Amino acid sequence: MMPRYRAISLAALLVPALLLASLMLGDRHVDLAALIKGEATAEVRTIVMDLRLPRALMALLAGMALGIAGTIAQAVMRNPLAEPGILGINAGAAFAGSIVIVGFTGLSVTVLPWAGFVGATTMAAAVFLLSWRKGTSSARIVLIGIGLGAFASAGTSVMIAFADIADVQRLMIWLAGSIYDANWDKICLLLAWLIVPITLVCLFYRQIDLIRFGDDVAASLGQRVNLVRAGMILLCTAISGATVTVAGLIGFVGLIAPHLARRMVGPGHARLLPASALVGGLLLMAADLVGRTIIAPVQLPAGIVTALIGAPFLAYLLWGRRHVPA
Amino acid sequence: MRGVGRDRGLLLALLVLLGLAVVIAAQAVAMGTTPFSLAQVGEAIFAFDGSRDHLVITMLRLPRVLAGLLVGAALAAAGAVMQAATGNPLASPGLLGINAGAAFAVILAMALPTIGAATGGGLLGYAFIGAAITGFAVHVLGSLGTNGATPLKLVLAGAVISTFLTSLTTAVLIFDQATLDVVRLWTLGSLSGRTMNDVMAVAPFVGIGLVAVLLLRAQFTTLSLGAEISGGLGQSPLLWRTISVVLVVLLAGSAVALAGPVGFVGLVMPHVARLLVGADYRWILPYSVVGGALLVVVADMVGRSLFASQDFPVGVTLALIGAPFFLWLARYRLRGA
Chain X
996 MMPRYRAISL AALLVPALLL ASLMLGDRHV DLAALIKGEA TAEVRTIVMD
1046 LRLPRALMAL LAGMALGIAG TIAQAVMRNP LAEPGILGIN AGAAFAGSIV
1096 IVGFTGLSVT VLPWAGFVGA TTMAAAVFLL SWRKGTSSAR IVLIGIGLGA
1146 FASAGTSVMI AFADIADVQR LMIWLAGSIY DANWDKICLL LAWLIVPITL
1196 VCLFYRQIDL IRFGDDVAAS LGQRVNLVRA GMILLCTAIS GATVTVAGLI
1246 GFVGLIAPHL ARRMVGPGHA RLLPASALVG GLLLMAADLV GRTIIAPVQL
1296 PAGIVTALIG APFLAYLLWG RRHVPA
Chain V
9 MRGVGRDRGL LLALLVLLGL AVVIAAQAVA MGTTPFSLAQ VGEAIFAFDG
59 SRDHLVITML RLPRVLAGLL VGAALAAAGA VMQAATGNPL ASPGLLGINA
109 GAAFAVILAM ALPTIGAATG GGLLGYAFIG AAITGFAVHV LGSLGTNGAT
159 PLKLVLAGAV ISTFLTSLTT AVLIFDQATL DVVRLWTLGS LSGRTMNDVM
209 AVAPFVGIGL VAVLLLRAQF TTLSLGAEIS GGLGQSPLLW RTISVVLVVL
259 LAGSAVALAG PVGFVGLVMP HVARLLVGAD YRWILPYSVV GGALLVVVAD
309 MVGRSLFASQ DFPVGVTLAL IGAPFFLWLA RYRLRGA
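Protein sequence lines, in the order shown, are assigned to chains X and V. Numbering-wise (this note's numbering), the first sequence opens with residue 996 and increments by one. Numbering-wise (this note's numbering), the second sequence opens with residue 9 and increments by one.
It is worth saying that the hints were derived from the structure and are not from the lab. Please read these numbers as outputs of a predicted model, since none were measured by experiment. There's no promise every hint is true.
Said to hold, decoys possible - Ranges between beta-carbon positions, derived for each pair: (1) V:Arg14 / X:Gly1217: 36 to 44 Å; (2) X:Arg1001 / V:Ala287: 39 to 47 Å; (3) V:Phe315 / X:Asp1162: 13 to 21 Å; (4) X:Arg1219 / V:Gln35: 47 to 55 Å.
To be verified - Residues of chain V placed beyond 12 Å of chain X at every Cβ, according to the derived structure: (5) Leu25; (6) Val31; (7) Phe56; (8) Leu196; (9) Met204; (10) Thr229; (11) Leu233; (12) Gly240; (13) Leu241.
Here a beta-carbon is modelled for each residue, glycine too, at the ideal position from N, C-alpha and C.
This is chain X alone, in the form it adopts within the complex (with noise of 0.2 Å):
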C-alpha cells in the first residue's frame, strides 16, 4: 500500500508548487519573495494577482471539475474510454461554438462560453430523453451518445469545410480549450456553479461504487438504478457544463484524470473522486503553464498541451504496470 500514498501525497504536493511556478513563470520572471515582503511594483502586483493567480486557479479548478465528471462517466457507463463528451457535451457545445463564431461574425465574443453552455446541456438532454424508454440502460445511452455527437459533429464539419478560413481557425482554437482570458469574476462563477454538484457526487460515492458493477448487481443491492443514474448524468452534465463555459473544449483530461487516479489509489470512489480531481487539476495547471511559456509570446491552448504531456503521462504508467493483470 505504500507506493499508493506515495504517489497520491507526491501529486498533493505539487499542486501549490506549480501554482508557484505558475505565479513566477512567464513573459516576465517575477521574484515572489519581493512580492511577499511588500517591495513589488504595481505592475508586478498586477500581473500576479490579476493575471497570473487566476489563471492557474482557474486551470486547477477547471481540471478537477472534469477529472470528476470523467470519474463519473467512467463509472455510469461501465467504459474505461468513457468520458464527459460521450454524453454529447462536447460535440454539441463545439457545434453551438461553432454557429457562433462562423454563422455571427458581428456577435460579442462573451457570447461564446453561453452558446457553448447551452449546446452541451441540450445535447446531454437529448442524449438522456432519447435513450429514455421504461428507464435507461448504459448501452443505449453510449450508443445514442455516439449518434447524436456524429450527427452535431457533422454540422460542425459543415461549417470547418466552408466557412472563411480566418473564422475557420477561430473556430479550432476555441475548440482545443484554453483558459487565457481567466479573471475572478470566472473563477467566482465557477465555485459557485461546482460547488454543488460536486458535494453532491462526494456524498453520494457509495451510490457510485454501487452502480459501477452493472444494473443487476446494484438494484438486487436495493439501488433504485435509473434514478442514480439519471442523478449522476445530470450532475456530470452540470460539472462538465460549467467548465465548457469558462474554458472551452478541453478534452483528454476527464479520460485520462480517472485512469491515472485509479493507477494510484485503486477503484473505490472514496479515494478515486478526490485522487481524479487531483489529478485532473495538476494537469491542466502544467497543461495552461507549458502551453503559455514553452513557445512564447506564443500561446498553445491549453486543452492541446493536456494531451501532449498526459499521453506520454499515462503512456508511462501502461509500460510500468505491463504485467499487473487488468
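Assemble the complex: chain X is given as a structure, and chain V must be docked to it using the hints.
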C-alpha cells in the same frame, strides 16, 4: 430447425442487400450533372469507345463510386473487427490511431514542404504510412507485458496515442493557415477528385483484408466472447488480437488513405448490423461489409445531388443521413443490456 431457417433468411436478406448495393452503385455512376442511362454506363465499362460520355463515366464517376464502395466496406469491416477484439462498443478503427496517424502524416508532409517535395508521392502514400505506423505503435504499446494485449490496455494505448497525434495536428493547423485551408476538406473525409489510379493502388489491400475478414468470421465470433471463453474454446486471444490489429490496419489504413479520416462508418455500421442480425459476428461481418459500402455510396450520392457540389465531404453527409437511422435503431432495436 429454427436456427437453420433463420440462417437461410439472413443469407437471403444479405443477397438482397448485395443486389441493392450493386444497383445503387450503378445508379450513382449514372447520376450527376450530365445524367446517363444505365445502358450507357454498361457500355462505357464493357465496350469503351473513347467518346466524351464514356470518358466522363470511366474517369470521373466510376472511380468515385468505386472509392466509396471500397472505403465503406473496409471501414465497416475494420470497425466490426475492432469491436469484436476489444469487446467495447465504443471501439472503432480510429481507436487504433489510424485516423490520427494518417492526418498527422498528411499535415506534416504539407506543412514541411521539404519532406513533401522530396518524396513526391500524393496524400495517399503519406496517409497510409502514417496510419500503419500509428496502428502498430498502438498495438505495441497496448501489448507490453506478460499478459499481452488485453482490451483495456489496447483501448487506453489507442486513446493515448491518437489524442497525442491529434493535438500535434491541431497545433500545426492553428498556426499554419495555408495548410489548414488545403487540408480541411481532406480531414473531413472526401471522395472528390479520386482517380482510377488511386482506387487501383488501394483495391488490392482492401480486397485481401475483406477476404481474410470474411473467411475468419467464425474466429472473430469466438474472439468476441472475451478472453476467458475464447481461451477455453482453444483459441489464443493474443494471437487473434494481433491478427485483428493487422487486418484493421490494412483495411482502415487503405480506406483513410483513399478518402481521409471518415469516422462514422467504422463506428456505427457494426452496431447497425448487430441491431439487425444479433450478436453473431458470422453475420455481423458480411452485413457490415455490404451495408458500409452501400451507406458510403448513398451518402456520396445524396451529397452530390442535394448540395449540388462535387466537394461536399462525404464524411459529413454520412453522419447527417446515417445518424438519424442509427438513433432510431439504438432506441427501438437495442435488446437486453
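- Message: Taking the earlier hints as the rules, which of them does this structure contradict?
- Response: 8
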